[in-house]
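J.: Sequence lines, in order, name chains A and B.
Here the working numbering is used: the first residue of the first sequence is 1, the next is one more, and so on.
Here the working numbering is used: the first residue of the second sequence is 1, the next is one more, and so on.
I should point out that these hints are in silico values taken from the structure, not numbers from a laboratory.
Any given hint could be a false lead.
[Stated by the list, open to error] Here chain B is said to cover these stretches of chain A; the calculated rule only asks that three of the stretch's residues, wherever they fall, bring their Cβ under 8 Å from a Cβ of chain B:
(1) 8-20
(2) 31-43
(3) 78-84
None of the values given here were measured: they were computed from a predicted structure.
Each residue gets a CB set at the ideal place from its N, CA and C atoms; glycine is no exception.
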Amino acid sequence: MKTDDLISALTADVATKPTPVSRSVALAVVVGLPIAAAIPIYAIDVRPDLWGQLGADPRFTFKFVFTLATAAVGVWLALRLSRPGTSAGPALAALGATAALLIAADTTELMVLPRSEWASALIGARALDCVVLIPLLAAAPLAALLFAMRSGAPDNPSIAGAAAGLLAGAIGATLYASHCTNDSPLFISVWYVIGIAAVTLTGGLIGRKVLRW
Amino acid sequence: MAGDTAAYRTLLTSLTVFLRSEVRRGFARYGHGHSDVEDVVQETLLAIHLKRETWRTSEPIGPWVRAIARNKVIDSLRRGGRRINVPIEDVIDVLPAAEPAEHLNERDAEQILSKLNGRQRDIVQSISINGDSIRQTADKYAISEGAVRVALHRGLAALAKAYRTQDHED
Numbered sequence: 001m002k003t004d005d006l007i008s009a010l011t012a013d014v015a016t017k018p019t020p021v022s023r024s025v026a027l028a029v030v031v032g033l034p035i036a037a038a039i040p041i042y043a044i045d046v047r048p049d050l051w052g053q054l055g056a057d058p059r060f061t062f063k064f065v066f067t068l069a070t071a072a073v074g075v076w077l078a079l080r081l082s083r084p085g086t087s088a089g090p091a092l093a094a095l096g097a098t099a100a101l102l103i104a105a106d107t108t109e110l111m112v113l114p115r116s117e118w119a120s121a122l123i124g125a126r127a128l129d130c131v132v133l134i135p136l137l138a139a140a141p142l143a144a145l146l147f148a149m150r151s152g153a154p155d156n157p158s159i160a161g162a163a164a165g166l167l168a169g170a171i172g173a174t175l176y177a178s179h180c181t182n183d184s185p186l187f188i189s190v191w192y193v194i195g196i197a198a199v200t201l202t203g204g205l206i207g208r209k210v211l212r213w
Numbered sequence: 001m002a003g004d005t006a007a008y009r010t011l012l013t014s015l016t017v018f019l020r021s022e023v024r025r026g027f028a029r030y031g032h033g034h035s036d037v038e039d040v041v042q043e044t045l046l047a048i049h050l051k052r053e054t055w056r057t058s059e060p061i062g063p064w065v066r067a068i069a070r071n072k073v074i075d076s077l078r079r080g081g082r083r084i085n086v087p088i089e090d091v092i093d094v095l096p097a098a099e100p101a102e103h104l105n106e107r108d109a110e111q112i113l114s115k116l117n118g119r120q121r122d123i124v125q126s127i128s129i130n131g132d133s134i135r136q137t138a139d140k141y142a143i144s145e146g147a148v149r150v151a152l153h154r155g156l157a158a159l160a161k162a163y164r165t166q167d168h169e170d
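So that you can see chain B by itself, here it is in the shape it has in the complex (with noise of 0.2 Å):
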């Protein structure tokens, strides 16, 4: 976490291992199903970066993780549950149609990413999806790359909120 490039995505990839039983268990744990467990996974890695200096490098690192997974499977049923108070007569004609949980996942997502306003938009797909580098993105947009540095860690606070308020909105 102390801005080694390479040892950061290898530490967010085996976290990511992590997350998903975790999360999985977490819901579990409440009597829920599995549909969520990419998004929320994919919320908590937000939140551990955006977090990182709330974990003090003399404590480990176990009991953090855990604890912003279950405060992350805890907003997710909230939301679930306000979801759920939607009344059967409004959706019962949608429910047949329902698509497989991953491309609901594939489609929540995009529409988290259409919340950002466009340059952020652009610039977090650029990075996240197309896999282009800091550089490569500024060429592409003529800005540069401390604007892309400042869009994008913009852009990943506001994909956090949009995940927050997700279904408030709805």
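Bound conformation, chain A alone (with noise of 0.2 Å):
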């Protein structure tokens, strides 16, 4: 096939519209969001108190700020991953931001809490839950996630695919912050982190395979 062959093709093709990948990526949260959404409904319970204490409890209320604006960065992170020749630069540094805000939040709960508090608030009750459960409660944003991106072209497949992870990763964090009855930020720091992060490296090794293009 000569090239000049191709692009009469390629011309012929012109009406039939790709989708854009923000329109594909949205539609991965609204469907993949309730399927996660679901397992805390119906399986693991959801505290009583979420309405009551979101915005009343402030160690409580963070954890929603912190997931949410990961989550936030991870779609702003995913989306200009999927175009060629876009630096991630900005949106990395949104995710610097973040960090840092997780780490203030840190500085001010050992200002406040007794040092003897420490050990326990870092521990928390049932640590482990939390990381089996975000990367669970992640499951289906992923993989919905990582469907959606194949629309996208990213100059790096396994980094696209840990943006999607990240995303996943902060989703399942929030569904688990509405069961989870550990508040304090050094909580948050060990075991929502771990959590998301394996969300993180696991979308970055499907990425590798299912986002070439």
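With the hints as a guide, dock the two chains, each given alone in a separate frame, to form the complex.
T.: In structure tokens, the structure reads:
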């Protein structure tokens, strides 16, 4: 086939519009979220004081501020990294800002909490649940996101997959936060971060395979 | 890219010239010869077409096109790298009989087309190599124009996939 022949075929196909990656990612969140949300609602219980404490208890509220901020950064990263020749710089800076926010919360916690309670705040109750359930809650969103991002064209499929993992992990963490009774930022910094990091890594490994184009 | 057929053809044709030099330079940067240039140019054009929604009209098109070309050059070199791993004893008899590069390219492209399923191959071939319009192709195969459009689009996506995986299957 000559290149001119190929151009004829491409020109004839111009009316068939590919789906923009932003739209398919939005659809993935809309599809993946209810599936993931069904797990805490039916299987592991949402905290009965969810709506009462939200906004009233600063620690409990901060959990959501952190997980939702991470999710927002995840969306931004996933979309930027799906476009060829677009640097991830600004979105990476936002990720750094989210980490700085967590460190600031930790510092505040260490100042207001007596030294004797540091260890129990860090270890919490049933920390292992957190590490297991965040990836579990993130599974459906991750699958939907990776599928959606196949309409993109990432320069680096592994890193784009990791961004999908970060977003899915943050969605999982947000849902888990509605169940989890450990509210200390110290707990978040270790166990939530491990859970989200595991999903990020998984996203990177799968993305390497499925996001090639 | 907004759907004006004549303008789109002009754009792709002028991009082709740019891509040839870009791909050649890409190969040279990694110290490779020019044998696969036209192949990679075609693969890049396909990617530009299929992924055109990842270009934002508010941004310059140059860096976007260059990034796609760079990706495709690297993909091609990776596949080439795998080819180089074939033990020389296995191919030494074939080497002196190697055909000129242009013929190889044409044969490659036909092999690529042959990886499409029957109807998609017929339709891509009809519109590309024979230069028929959607309407003429629809008449020829007695199907609707919509069906031709769908088969063409799927065929092009399948073609991109065939490029991507061509040496994994060898």
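J.: Would you mind marking each hint as holding or not holding in the structure?
T.: The hints, checked one at a time:
no., hint, result
1, 8-20, "holds (count 13)"
2, 31-43, "violated (count 0)"
3, 78-84, "holds (count 3)"
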